[in-house]
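Those protein sequences? They're chains A and B, same order as listed. Its first residue numbered 0, the first sequence is counted upward by one per residue in numbering that gives the first Met the number 0. Its first residue numbered 0, the second sequence is counted upward by one per residue in numbering that gives the first Met the number 0.
Treat the hints as calculated values from the structure; they're not laboratory data. One or more of the hints may lead you astray.
The following label-pair restraints were derived from C-beta to C-beta distances [stated by the list, open to error]:
| no. | chain 1 | residue 1 | chain 2 | residue 2 | range |
| --- | --- | --- | --- | --- | --- |
| 1 | A | Pro101 | B | Asp145 | 43 to 51 Å |
| 2 | B | His66 | A | Leu23 | 52 to 60 Å |
| 3 | B | Lys198 | A | Tyr131 | 29 to 37 Å |
| 4 | A | Leu36 | B | Asp145 | 38 to 46 Å |
| 5 | A | Arg263 | B | Glu133 | 54 to 62 Å |
| 6 | B | Leu62 | A | Ala25 | 54 to 62 Å |
| 7 | A | Gly99 | B | Asp145 | 51 to 59 Å |
| 8 | A | Leu23 | B | Gly139 | 31 to 39 Å |
| 9 | B | Glu133 | A | Phe332 | 30 to 38 Å |
| 10 | B | Gln86 | A | Thr355 | 29 to 37 Å |
| 11 | A | Gly90 | B | Asp145 | 30 to 38 Å |
| 12 | A | Gly129 | B | Leu150 | 50 to 58 Å |
| 13 | A | Arg237 | B | Leu150 | 46 to 54 Å |
| 14 | A | Ala21 | B | Ala199 | 36 to 44 Å |
Okay, the calculated bits of chain B under chain A, using three or more residues with CB under 8 Å as the criterion [what the hints assert, rightly or not]:
| no. | stretch |
| --- | --- |
| 15 | 72–78 |
| 16 | 108–115 |
| 17 | 199–213 |
Quick caveat, the model's predicted, so the values are computed rather than measured. Where a beta carbon is used, it is the ideal one built from N, C-alpha and C, also for glycine.
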Amino acid sequence: MSDATATAAVAPRAVARRLPGALLLAAAVVVLLALPLYLEAFWLRIGLFSMATAVGALGLTILFGAAGQLSLGHAFFVAVGTYGYAFLSGGDTGHVKGLGLPPIVAAVLATLLAGVCGLLFSPVAGRLRGIYLGIASLGLVFLGHHLLLNLRPVTGGYDGRSVTPFSLGGFLFSDSSDLAVLGVPFGAVESLWYLFLAVTAVATLVARNVLRGRPGRAFRLMRDNEVGAAAMGVRVQRAKASAFVLSSMYAGVAGVLTALAFQRAVPDYFDLGLSIDFLAMIILGGLGSTSGAIVGATFVVALPIVLSRYADALPLVVGPGQDGLDASIAAQFVYGALVVVVMLTQPGGLRAMVHTLRQRRRPPYARRTP
Amino acid sequence: MSPPRLAVEEVSLAFSGLLALDEVCFTVEPGTVHAVIGPNGAGKSSLLNTLCGIYPVTGGRILLDEHEVTRLRTDRIAALGVGRTFQNIVVSPQESVLDNLMVGRHRLTSAGLVATALWLGRREQRRHEERVREIAHFVGLSARLDSTAGLLAYGDLKRLEFARALCLEPRLLILDEPVAGLNAAESWELGQLVLTARKALDLTVVFVEHDMGVVMSIADRITVLDFGRVVAEGLPAEVRRDPIVVSAYLGAPDRPEATPQAERTPQ
Chain A
0 MSDATATAAV APRAVARRLP GALLLAAAVV VLLALPLYLE AFWLRIGLFS MATAVGALGL
60 TILFGAAGQL SLGHAFFVAV GTYGYAFLSG GDTGHVKGLG LPPIVAAVLA TLLAGVCGLL
120 FSPVAGRLRG IYLGIASLGL VFLGHHLLLN LRPVTGGYDG RSVTPFSLGG FLFSDSSDLA
180 VLGVPFGAVE SLWYLFLAVT AVATLVARNV LRGRPGRAFR LMRDNEVGAA AMGVRVQRAK
240 ASAFVLSSMY AGVAGVLTAL AFQRAVPDYF DLGLSIDFLA MIILGGLGST SGAIVGATFV
300 VALPIVLSRY ADALPLVVGP GQDGLDASIA AQFVYGALVV VVMLTQPGGL RAMVHTLRQR
360 RRPPYARRTP
Chain B
0 MSPPRLAVEE VSLAFSGLLA LDEVCFTVEP GTVHAVIGPN GAGKSSLLNT LCGIYPVTGG
60 RILLDEHEVT RLRTDRIAAL GVGRTFQNIV VSPQESVLDN LMVGRHRLTS AGLVATALWL
120 GRREQRRHEE RVREIAHFVG LSARLDSTAG LLAYGDLKRL EFARALCLEP RLLILDEPVA
180 GLNAAESWEL GQLVLTARKA LDLTVVFVEH DMGVVMSIAD RITVLDFGRV VAEGLPAEVR
240 RDPIVVSAYL GAPDRPEATP QAERTPQ
């Protein structure tokens, strides 16, 4: 059989194989777009936090999952994004200063600022490897926290500062907008939902392109064997540095989204715990996987909020301020235990689990052949 | 492009007092297959690693045609068209065979982070994928392209590494024990692949190997190392008869040229 006829014979099968996936994706998009019309603000807000965090997790999964470079300084770059946006878009109120730039400009600049911070740290990031970079980047979190508390004119100190709502082309993403769609009032949460959805979608596609393309392949060989990657012509030091800068820009975007979702920037959010949460997310989801990062982020973000909402109905767990096991602590126990279980049983995370199940459904030798 | 000449001139390599290579000299003529043999610990792999810039030499020069590559970074040397395989297989075990081979195209492609992020690397990728499939076909990995590399049989892994080195479109091919661990039939097959590739792709080949059957059948010339020094060099038939080589391998009591001097300090 010639190559051409072989391809022709395979093509319809390839389409048939991709069809269920494409339909599923289309259905998911429709559901995601329709959600604000049906869900109450509580759930939408969880969605906003999840999406904001998912973007950060995507950055870390490129850096750690693909390039094998551990960073515990991720929270620092998220903080740069949050406070960068708050400062650049905010006005002067009392002793807290701001530049009053248009929100879209402020958002872009805040992302670039996080990238520049990543670039400044990249001489270190390019020379260290794996766990050693993790230790070195730990210092960033403490430095960041110190600056957040003491750089009062920019950050507002311990109390933090408020965040200017996003606006684009005259449309204000806040509760003061009196738009209504199908009888549903479109306040901050509903309109931000679509903004976040768009940003998360672009961030995911960009991450997929990078991971599936030339840089992603170079990152992964570098992760598995640095000398091997160099022998293939990969400039190892530069590849590490660029992975770090890219991941800090992702963290910057996550920071901007976080600022918009919280509508306030407070220093205590950006501690080491946040960096570790990011790590837990990408490990749960499967290192180096974009869908894994999103699922992991949603899980880690939503679990404590959902647990505390249903604290009354759940055994052992109590709501905030009551005597007993606090919901957010309980959530940490749950996903802490899950990380251990995942590492022991399914090191590839949720993505690998899904992959294995799918492979099992198919007859073993009817799998993809060229 | 014609295959390059590789000249190794008085190359020495010391690891804090331990002299791994001691003024090693030899020349690989363009388009030939050159074997480096010697007992364990003779410095063969160290020699290959200095050729690729992985170990910085402590003395001497390495010339690829007229280019001096002695102090170049590993990726720069790769960019000059030097492809290699490793003794302990180096692949990304969780990636597909195709992805592993595509890494070999790194130096020939240019899509950076920004271009890839903006969907601009696709056409380039497709074009190079075609060539990679050809090379996979050549080494007999066509049916394995979508398999996860970590699940391949050992013989396939060896061929994967060989194919990836070819994907670099090298002019100089360096193979570190290409048939180690393979059975006789697989070894012979891979040996023939090396010869075919050399001819079809205009390569100069340097390889280290313990399998004397393969060495004798594919090498044009052989350099023998022992304790970091060249103890013999010549055509396969000459080397096979050389008493020094026999003693280096069999450990005869009097070793005229190769007295152990490994603990000498470097100059």
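Against the structure, the hints come out as follows:
A beta carbon spacing of about 48 Å between Pro101/A and Asp145/B agrees with the range 43 to 51 Å that was offered as a hint. For the hinted restraint 52 to 60 Å between His66/B and Leu23/A, the CB-CB distance of approximately 54 Å keeps it satisfied. Look at Lys198/B against Tyr131/A: about 46 Å separates their beta carbons, and that is not inside 29 to 37 Å. The supplied range of 38 to 46 Å is met by Leu36/A and Asp145/B, whose beta-carbon atoms lie about 42 Å from each other.
The beta-carbon spacing between Arg263/A and Glu133/B, approximately 59 Å, falls within the hinted interval of 54 to 62 Å. Look at Leu62/B against Ala25/A: about 60 Å separates their beta carbons, and that is inside 54 to 62 Å. In this structure the hint that Gly99/A and Asp145/B lie 51 to 59 Å apart at CB holds, the actual value being about 55 Å. Leu23/A and Gly139/B have their C-beta atoms about 37 Å apart, which keeps the hinted 31 to 39 Å range intact.
Judged by the Cβ atoms, the range 30 to 38 Å given for Glu133/B and Phe332/A is violated: they are separated by roughly 54 Å. Under the hint 29 to 37 Å, the C-beta atoms of Gln86/B and Thr355/A, about 33 Å apart, fit the expected range. The hinted window of 30 to 38 Å between Gly90/A and Asp145/B is violated, with their beta carbons roughly 57 Å apart. At roughly 25 Å, the beta-carbon separation of Gly129/A and Leu150/B lies outside the given 50 to 58 Å, and the hint is violated.
Under the hint 46 to 54 Å, the C-beta atoms of Arg237/A and Leu150/B, about 32 Å apart, miss the expected range. Between Ala21/A and Ala199/B the beta carbon distance is about 41 Å. The supplied range of 36 to 44 Å therefore holds. Counting residues of the stretch 72–78 of chain B whose beta carbon lies closer than 8 Å to any beta carbon of chain A gives 5, which reaches the threshold of three, so the coverage claim holds. Chain A is given as covering the stretch 108–115 of chain B, and this holds because 5 residues of the stretch bring a CB closer than 8 Å to a CB of that chain, at least three being needed.
Beta-carbon proximity to chain A at under 8 Å applies to 0 residues in the stretch 199–213 of chain B; the threshold of 3 is not reached and the given coverage is violated.
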